[in-house]
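J.: Sequence:
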Amino acid sequence: MAHLTDQEIAAKADIQPIEDIAATAGIPNEALELHGKHKAKVDIHQVEGDVNKSKVVLVSAMNPTPAGEGKSTVTVGLSDAFNKLEKNVMVALREPSLGPVMGVKGGATGGGQSQVLPMEEINLHFNGDLHAITTANNALSAFIDNHIHHGNKLNIDPRRVTWKRVLDMNDRALRQVVVGLGGPSRGVPREDGFDITVASEIMAVLCLASDLMDLKEKLGQMVIAYTYDRKPVTAKELEVEGALALLLKEAIKPNLVQTMEGTPALIHGGPFANIAHGCNSLIATNTARKLADIVVTESGFGSDLGGEKFMNIKARKGEFKPDAIVLVATIRALKMNGGVAKADLGEANVDALKEGIVNLGKHIENARKFGVEPVVALNDFVTDTDEERDFVLNWCKEQGVRVALTQVWEKGGAGGVDLANHVLEVLDEPQEFKHLYDLDLPIDQKIETIVKEVYGGDGVILADKAKKQLAEIEANGFGDLPVCMAKSQYSLSDDPTKLGRPEGFTVTVRELIVKAGAGFVVALTGDIMTMPGLPKQPSAVNMDVDADGTSKGLF
4 MAHLTDQEIA AKADIQPIED IAATAGIPNE ALELHGKHKA KVDIHQVEGD VNKSKVVLVS
64 AMNPTPAGEG KSTVTVGLSD AFNKLEKNVM VALREPSLGP VMGVKGGATG GGQSQVLPME
124 EINLHFNGDL HAITTANNAL SAFIDNHIHH GNKLNIDPRR VTWKRVLDMN DRALRQVVVG
184 LGGPSRGVPR EDGFDITVAS EIMAVLCLAS DLMDLKEKLG QMVIAYTYDR KPVTAKELEV
244 EGALALLLKE AIKPNLVQTM EGTPALIHGG PFANIAHGCN SLIATNTARK LADIVVTESG
304 FGSDLGGEKF MNIKARKGEF KPDAIVLVAT IRALKMNGGV AKADLGEANV DALKEGIVNL
364 GKHIENARKF GVEPVVALND FVTDTDEERD FVLNWCKEQG VRVALTQVWE KGGAGGVDLA
424 NHVLEVLDEP QEFKHLYDLD LPIDQKIETI VKEVYGGDGV ILADKAKKQL AEIEANGFGD
484 LPVCMAKSQY SLSDDPTKLG RPEGFTVTVR ELIVKAGAGF VVALTGDIMT MPGLPKQPSA
544 VNMDVDADGT SKGLF
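In the numbering used here, the protein residues as written are 4 to 558.
I should point out that these hints are in silico values taken from the structure, not numbers from a laboratory.
Cβ atoms here follow ideal geometry from the backbone N, Cα and C, with glycine treated the same way.
Hints may be right or wrong, so weigh each one.
Listed next, the in silico DSS-like pairs over lysine-lysine satisfying Cα-Cα at most 27 Å (straight line) [stated by the list, open to error]:
#, residue 1, residue 2
1, LYS234, LYS471
2, LYS40, LYS293
3, LYS40, LYS87
Each pair of labels, with its calculated beta carbon distance range [what the hints assert, rightly or not]:
#, residue 1, residue 2, range
4, GLY556, GLY364, 32 to 40 Å
5, ASN424, ALA344, 31 to 39 Å
6, ASN424, GLY364, 17 to 25 Å
7, GLY186, GLU51, 56 to 64 Å
8, ASP549, GLU242, 47 to 55 Å
With these hints in hand, go ahead and build the complete structure from the sequences.
T.: So this is what it looks like as structure tokens:
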């Protein structure tokens, strides 16, 4: 099997009709809106159940290598392991963005024997959700420019339009553009820019809305610009929130698919965790909570990013708590955090493990800060040696943390049974989940709390621009919102070169952006870009399609 790609492995899988998967999950046939034989949208209003019946397992991770540590693979494999143990389980995941699919990572549906299917269709456009979000976002841009062109009744300052256009692709050339050139018939010239679709506030709104009407209300609350006298202007004042909701009325329905072992999977929403809040939709999670006894879900990147946002943003807004946390670790990521260059990660190096394992230690502490006991999943790679595996497993046991060697890429659910049993032990224990900060804490103090408690830093420096924005945010009544940190995923700090467990650092916030519809304030740090760029050798160069429509090179 080792020589097969993930795509080739997926192509050999026995995929079931989606109606059979729905029946397994307890979803009535009338709730299904079929998208071919193996995908369906789910009408949540026809799904009955008690959201409080389930236990929620969050899969997070340590700080990763650029290639990722297989967090989605472990998430899928863990759900299949629960299935093997005859537990009533569903998995809830994020949708892939074409940016990383075509850029660095390739496909984003798990790997090996732990994948969600149909992987090609999920990775390429899926059921059109991201296209709908892109369209709604850019329609709002068009409405804004049209309003300014036709007299600007709302007194919008064209220099202070904060709403950007988006594209679901990494395209650095579009980060900063000028629109409206070419004379009066082509609009009012102004500076603009593009974000990647998964960084759009509409993505965050869709993922944090409870239903279509809540979505429409949140869309109306989005701040799109400021007037000449610095007052916020919302989408509701443009009277377009209804049109935006109309464009999203199908996209808001969660998507039902399956794992390779037939575990029901809901895939819906896909905000990045280094520039957005990094969790799948509340609607999908809560639908799974109605149906299953155990819901396995994930957050993006490490516990310092997606994990922290899951706790302080998603769980808070969804009024639920995680009952267990799985922290995915790999020997290669531990070695990178111990100072080993990316090109040398395949070589055995126990000394580097000893240096880098402090990074995992901090993520274990972070989980416990939220009052939830973690389980470490040591995701096995073929380049790992027995000596390296034994060192990590023994270290975890010495720290008093449960750990399991996880081999779901190779063995599917069977390779995750040990992990599942450890998680079941935690689920049987009472947890004391708590948020890291209260919402009435000032914005700058919320940021400082995250930096000190989660990152292990000494404090925060607000750039002059951020200080001015903070004053405006508080003056406009948004000071009680949670904070969404935009930060490098590679380091606990805002400097991607500071690996391991850095100390004595401060985090500089260069900009604060209010996302009033989504209900949080984004704090931009370091050189994080809301529109990524493609690498020198993008994954796209390895992709192709045959005459019969068979694709290859997705992963």
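J.: Indicate, hint by hint, whether the structure satisfies it.
T.: How the hints compare with the structure:
1. Pair hint LYS234 plus LYS471 holds up; C-alpha atoms about 14 Å apart against a cutoff of 27 Å.
2. Taking the CA atoms of LYS40 and LYS293, the gap is near 24 Å; set against the 27 Å cutoff, the hint holds.
3. Distance restraint check for LYS40 and LYS87: the Cα-Cα separation of roughly 25 Å lies within the 27 Å cut-off, and the hinted pair is therefore satisfied.
4. The supplied range of 32 to 40 Å is met by GLY556 and GLY364, whose beta-carbon atoms lie about 38 Å from each other.
5. Between ASN424 and ALA344 the C-beta distance comes to about 37 Å, which sits within the given range of 31 to 39 Å.
6. Distance hint check: the CB atoms of ASN424 and GLY364 are about 23 Å apart, consistent with the given range 17 to 25 Å.
7. Take GLY186 and GLU51: their Cβ atoms lie about 58 Å apart, and the range 56 to 64 Å holds.
8. One distance hint, 47 to 55 Å for the beta-carbon pair ASP549 and GLU242, holds here, with the actual separation near 49 Å.
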